[in-house]
Amino acid sequence: EPEVTQTPSHQVTQMGQEVILRCVPISNHLYFYWYRQILGQKVEFLVSFYNNEISEKSEIFDDQFSVERPDGSNFTLKIRSTKLEDSAMYFCASDPGTGEETQYFGPGTRLLVL
Amino acid sequence: AQTVTQSQPEMSVQEAETVTLSCTYDTSENNYYLFWYKQPPSRQMILVIRQEAYKQQNATENRFSVNFQKAAKSFSLKISDSQLGDTAMYFCAFMKPLTNNLFFGTGTRLTVIP
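Those sequence lines, one after another, are chains F and P.
Count the first sequence with this note's numbering and you get residues 1 to 114, in order.
Count the second sequence with this note's numbering and you get residues 1001 to 1114, in order.
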């Protein structure tokens, strides 16, 4: 069964460094999302992406964040200058866009900013 | 704004017994989707069940079923014949129409006791 994959599974970085989190959505899916979950808290929407552009973004998704689908396969989330409060689990999700209205999540990337 | 409330931070159930997890939501939308996701210790988000608001029939998926009360904006999850593998965090989620962004509740930690 097709799955959303994410790499790396864990990443540790120094405050102020740039990180890129990678996702490979399910093939032929059309809608892509990033969510984050700070430890012990609920999952929060960051951004949605469709047709090579951002559809919607939350207040969390400020100028430090960017998304890209560079090659039709990968879907990346970049944090330009990480802060301590960016430490969280980051989930990628994709939706086939066929009216199923269901998002399939990847296993997540655990980011720790020191 | 959409809000999702899960009023039970923790619950426990004996193996083979039935348990019901509560969820309420607030929205002015008429058409939307509701979901229950399971997050085991691995922290992966796994879809359990989904419900379309325009369907009066409650969704079922094997041992999992929902009690959807649209007027009351209530969406509870019933797990029958609980198994040890059901131990996890369970998140209720609301899907915002058009942009299809998910809004999550704070979760209920379910422990199945052998």
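No wet-lab data here; the hints were simulated from the structure.
Incorrect hints may appear among the rest.
Quick list of in silico lysine-lysine cross-link-like pairs, BS3-like style, CA-CA up to 30 Å [what the hints assert, rightly or not]:
#: 1; chain 1: P; residue 1: K1070; chain 2: P; residue 2: K1055
#: 2; chain 1: F; residue 1: K57; chain 2: F; residue 2: K42
#: 3; chain 1: F; residue 1: K42; chain 2: P; residue 2: K1070
#: 4; chain 1: F; residue 1: K78; chain 2: P; residue 2: K1055
#: 5; chain 1: F; residue 1: K78; chain 2: P; residue 2: K1073
#: 6; chain 1: P; residue 1: K1073; chain 2: F; residue 2: K42
#: 7; chain 1: F; residue 1: K57; chain 2: F; residue 2: K78
#: 8; chain 1: P; residue 1: K1073; chain 2: P; residue 2: K1055
#: 9; chain 1: F; residue 1: K78; chain 2: P; residue 2: K1078
#: 10; chain 1: P; residue 1: K1055; chain 2: P; residue 2: K1078
#: 11; chain 1: P; residue 1: K1096; chain 2: F; residue 2: K57
#: 12; chain 1: P; residue 1: K1070; chain 2: F; residue 2: K78
#: 13; chain 1: F; residue 1: K57; chain 2: P; residue 2: K1073
#: 14; chain 1: P; residue 1: K1078; chain 2: P; residue 2: K1096
#: 15; chain 1: F; residue 1: K42; chain 2: P; residue 2: K1055
#: 16; chain 1: P; residue 1: K1073; chain 2: P; residue 2: K1096
#: 17; chain 1: F; residue 1: K42; chain 2: F; residue 2: K78
Evaluation of the provided hints:
| no. | hint | verdict |
| --- | --- | --- |
| 1 | K1070(P) <-> K1055(P) | 10 Å, holds |
| 2 | K57(F) <-> K42(F) | 17 Å, holds |
| 3 | K42(F) <-> K1070(P) | 23 Å, holds |
| 4 | K78(F) <-> K1055(P) | 39 Å, violated |
| 5 | K78(F) <-> K1073(P) | 37 Å, violated |
| 6 | K1073(P) <-> K42(F) | 20 Å, holds |
| 7 | K57(F) <-> K78(F) | 14 Å, holds |
| 8 | K1073(P) <-> K1055(P) | 14 Å, holds |
| 9 | K78(F) <-> K1078(P) | 39 Å, violated |
| 10 | K1055(P) <-> K1078(P) | 18 Å, holds |
| 11 | K1096(P) <-> K57(F) | 13 Å, holds |
| 12 | K1070(P) <-> K78(F) | 39 Å, violated |
| 13 | K57(F) <-> K1073(P) | 26 Å, holds |
| 14 | K1078(P) <-> K1096(P) | 24 Å, holds |
| 15 | K42(F) <-> K1055(P) | 27 Å, holds |
| 16 | K1073(P) <-> K1096(P) | 14 Å, holds |
| 17 | K42(F) <-> K78(F) | 21 Å, holds |
In this structure, the hints that do not hold are numbers 4, 5, 9, 12, in rising order.
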